[in-house]
Amino acid sequence: MTDAKWIDIGPVDQLPALGARTLPVQGGQEIAIFRTSTGAIHALANKCPHKAGPLSEGIVHDSSVTCPLHNWRISLLTGEALGEDKGCVPVIPIKIDAGRIYIDRSAALAGTAAEPA
Amino acid sequence: MNAPVTIDDKQKDSSQYPRERLVVIGNGMAGCRAVEEILSRDADRYAITIFGAEPRVNYDRIMLSPVLAGDKAFEDIIINDQNWYDDNDISLMSGDAVIAIKRDAKEVVSASGAVTPYDRLLIATGSDPFIIPVPGHKLPGVITFRDLDDVDKMLAAAEGGGNAVVIGGGLLGLEAAHGLSLRGMQVTVLHLMPTLMERQLDEAAGFLLKSELERRGQTIITQADTAEILGDSHVTGVKLKDGTEIKADLVVMAVGIKPSVQLAKTAELDVERGIVVDDHMVTSDPSILAVGECVQHRGACYGLVAPLWEMCRSLADFMTESPSGYNGSVTATKLKVSGIDLFSAGDFSGGDDTEDIVMRDASRGVYKRVVVKENRLIGAVLYGDTADGNWYFDLLKRQEDISDIREALIFGQAFASGGATLDPDSAVAALSLDAEICGCNGVTKGQVVACIDGGAGDLDSVRAGCKASASCGSCTNLVESLLSLSLGEDYGGARTETPMCKCTSFTHEDVRRNLLDKELKSIPQVMQELHWTTPDGCASCRPALNYYLLCAWPAEHEEDPQSRFVNERMHANIQKDGTYSVVPRMWGGVTTPNELRAIADAADKYEARLVKVTGGQRLDIFGIKKEDLPAIWADLNAAGMVSGHAYGKALRTVKTCVGSEWCRFGTQDSTGLGIKTEQMTWGSWMPHKFKIAVSGCPRNCAEASIKDLGIICVESGYEISVGGNGGIHLRGTDFLCKVETEEKALEYIAAFIQLYREEARYLDRTAPWVERVGMDYIKSRIVEDEPGRKELEQRFLFAQSVHQKDPWAERAAGAEDHLHKHIAEIRPFAALEPAE
Ligand code: SRM
Ligand SMILES: Cc1cc2nc3c(=O)[nH]c(=O)nc-3n(C[C@H](O)[C@H](O)[C@H](O)COP(=O)(O)OP(=O)(O)OC[C@H]3O[C@@H](n4cnc5c(N)ncnc54)[C@H](O)[C@@H]3O)c2cc1C
Ligand code: SF4
Ligand code: FES
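Chains as they are written, first to last, in our numbering: chain A, 1 to 117; chain B, 118 to 953.
Because the hints were derived from the structure by calculation, they are not lab data.
Errors might be hidden in some of the hints.
As the list claims (entries may be wrong) - If you want the footprint, here are the derived chain A segments under chain B, 3+ residues with CB under 8 Å: (1) 6-17; (2) 62-69; (3) 84-95.
All residues carry an ideal CB built from backbone N, CA and C; glycine is no exception.
Next comes chain A alone, as it looks inside the complex (with noise of 0.2 Å):
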């Protein structure tokens, strides 16, 4: 059901609970996809405001992560920087349908070739 709008990348299940996955886009950026405790599904840009680190690597909690290099918190809802640090990270639009996960076309192309205009 891959359409316009949304790519589908796969069911929900592969998605650890309390963790994340990669999903690199060819000459573009790589996106971190995360589960929460509650199930529900994010995604963001997988590069830490602060210097880069990867998040889908940290450890999630609530509705947060704490970045594996320096731990700052991410909110997985905003993409921005918890607490006293100041930063964000691109939040890329997702939606569950019959148990998988679409991810949106034009941000996750976001910086590619194939951006669309």
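Fit chain B with the ligands to the given chain A structure using the hints.
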């Protein structure tokens, strides 16, 4: 419910004005309720025909669960019997499904061939059960749970006893499982997600529910991915993707529903997930309306009845010329399984500006969590005590400002509306003197107060004096309130020992003691029993709990990878660019040409950007991608090398010097003892990293005096010292004792490590721990108490018999492979490649 209209009135009316023809497709809960609502507003307006695919009158679908469980009969759950249709002059075409809508001619065609014209059409076709299209899904014995026929099939199957497998651990699946189990079947529930009812419950409540169902004899398998339904002429079992096979005489698929939209789609109405309707339940065709589970309103589809009732009211208002408009619904869920009280409503996915208030009462099996955002309640999960469910739901729907009752909110309506009792101290003050404070030791408020009046001025003296809060510690807050109430200004304040983290009032030591006393064996269990104030802990307590559990229960512990920091989860050290470094073990710092060749080959093959000699006498290979880790490990394993745990809160290195074998000053074989030590201790998890060194003489070339444990060889034996640190705060070791043989040295090393493993706080190196407890204490346990030392050694060796395994070999063989693979890859100019 129905307007008091007699048939005579109607005939009179209809003869005067020709009535509009309303045809309803679907004789279910929404279709009939919509008709009831219309009749109650204007009984004479429409000439009504209802088509129902089911061959029976309108009944309460929700109550199919009690029918299955044997609490009710079909007669008890009928909503409208035949008299209702007759009295209201409704033609019921039951058992005759509509097969086409002809919009141009404004008529519907049904299976019997009848063609029925309409002025207005109402689609209320409900939902279809979702069926996972695995091999075998069409076998006899595989059924869904939607209507009375399904219940009849289940009852017939249950007569013979046997095994039932329910696929789906949501509301529907669990109610089916409960019914079947009451009917005498052995029930296994398979659920894809890690948490039962994950859409309504959080992890903590899901855990309690699972434990209770298991206690009742059901088998619950979470993260169970069905691969195949087995059987030739009838179902015989279910096979999971991991190869597990479960026997089954009956398989119930309860994995979800999808709006039944086929008719509407074929008629080319606007359909997305459901039939798209506006606020008056009108579809893209002005003479066609739709209501119930089949619709999609403002993007949302519903699977519970409460929203349908609201839809039906707006629909009836509109159809009787007094449009009101439907605004969408907030929903609440209860599980209809007798003896399990569970309620959930609203949104509890958390968020930056939301705040959780959690209350747990382990002795009553209660878990409550409310989620507050900007002084409004936005979600609630209650387990074990749902008395306040409706009150919370009401606060939530009305979006009332709760700042005035914020402190008391979690204690429920009775408490919160008490008005004055906003601060917890006043609540405690209000308790009667014979109210029980400490459940473990049966201590009343009067006894605690007497103890304080008798001179106990802080928590520890109360604990010593009357035993309150001396066991599990969950009443600590109450005791502290009593202290501050009784002593006022004189109370020195809460105790100085800091709790583990902001999720609990327990200290590390309290938690470790309780794990053993109460035999707690999993993280959710600890959080419930010890009254954690957050739903799923934080990045600081989760890794600590995981460690404490594995140390307390080496044989039974189940790893929780999500409670490990990245390095321990990946078994490699993450670098600043997101690649990893790989450090194989080099026993005692000794290597061979073969090992060096394997490392060189691996560095070439996986394009390492640096190979470096570490400060721990071994080689570090830098710049390995996470996808390549299992492969490089396999190559290193093939050359006989195992993980060096350079990433772990674990035994790191045993540094050695060349010793008596080569050195002109060497007194003992320090290299040999170092290797033996590393072989005994590698792979053991610890509160923090642990480093050992063995030097062959007091010149100390292995720098043993700044290690967690250092050995200096002398002519007459081995001097063991502990608690050194070469890191941030330089600290030399303290002398522990001298032993005469290598065997003795190994015994003392094992005993010391085990003492550290069992008693230090997570993330304490040995240096701060030794300073806190003092060398006298360490000596009393290791040197002076020989039987105690031997027991420590035995416990260490037992733990090693379980944990001393190479994690790299397990990963190279495929364990946790999702950690090393992308979920998918997007190639903008090629086809997408989703993971299999
Ligand atoms: C690789 C190595 C440096 C080197 O190139 O030699 C190293 C590298 C790191 N050290 Fe170290 N330490 C290394 C030997 C040491 C030593 C010397 C030793 O072990 O003899 C020390 C001082 C001795 C000690 O620990 O008492 C040392 C004291 C530290 C500390 C401070 C510990 C303390 O208690 O104060 C940290 C920080 C920490 O652990 O929180 C640290 C942390 C680190 C980390 C893990 C930093 C991090 O969190 O990412 C580095 C990661 C390396 C990697 O990605 O592979 N490293 N580190 C050495 C690996 C040894 C090995 O083979 O396993
Ligand atoms: C076992 C069970 C337990 C439940 N428990 C709860 C609960 O505790 N709380 C809660 O809120 N909700 C519960 N629900 C959900 C609730 O029953 C539904 O939300 C509700 O029944 C939906 O009403 P509806 O009219 O949209 O669909 P339905 O009640 O399913 O009615 C649709 C009707 O249309 C008929 N139909 C379909 N296509 C055609 C056609 N082409 N021609 C003629 N007729 C057609 C169907 O046969 C069906 O009878 C439960 C559901 C089940 C199955
Ligand atoms: S000394 Fe500092 S920079 Fe060098 S490896 Fe250790 S932690 Fe990294
Ligand atoms: S890179 Fe994420 S915290 Fe530094």
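Verification of the hints:
no.: 1; hint: 6-17; verdict: holds (count 9)
no.: 2; hint: 62-69; verdict: holds (count 6)
no.: 3; hint: 84-95; verdict: violated (count 0)
In summary, the structure is inconsistent with hint 3 from the numbered list given earlier, while agreeing with all the others.
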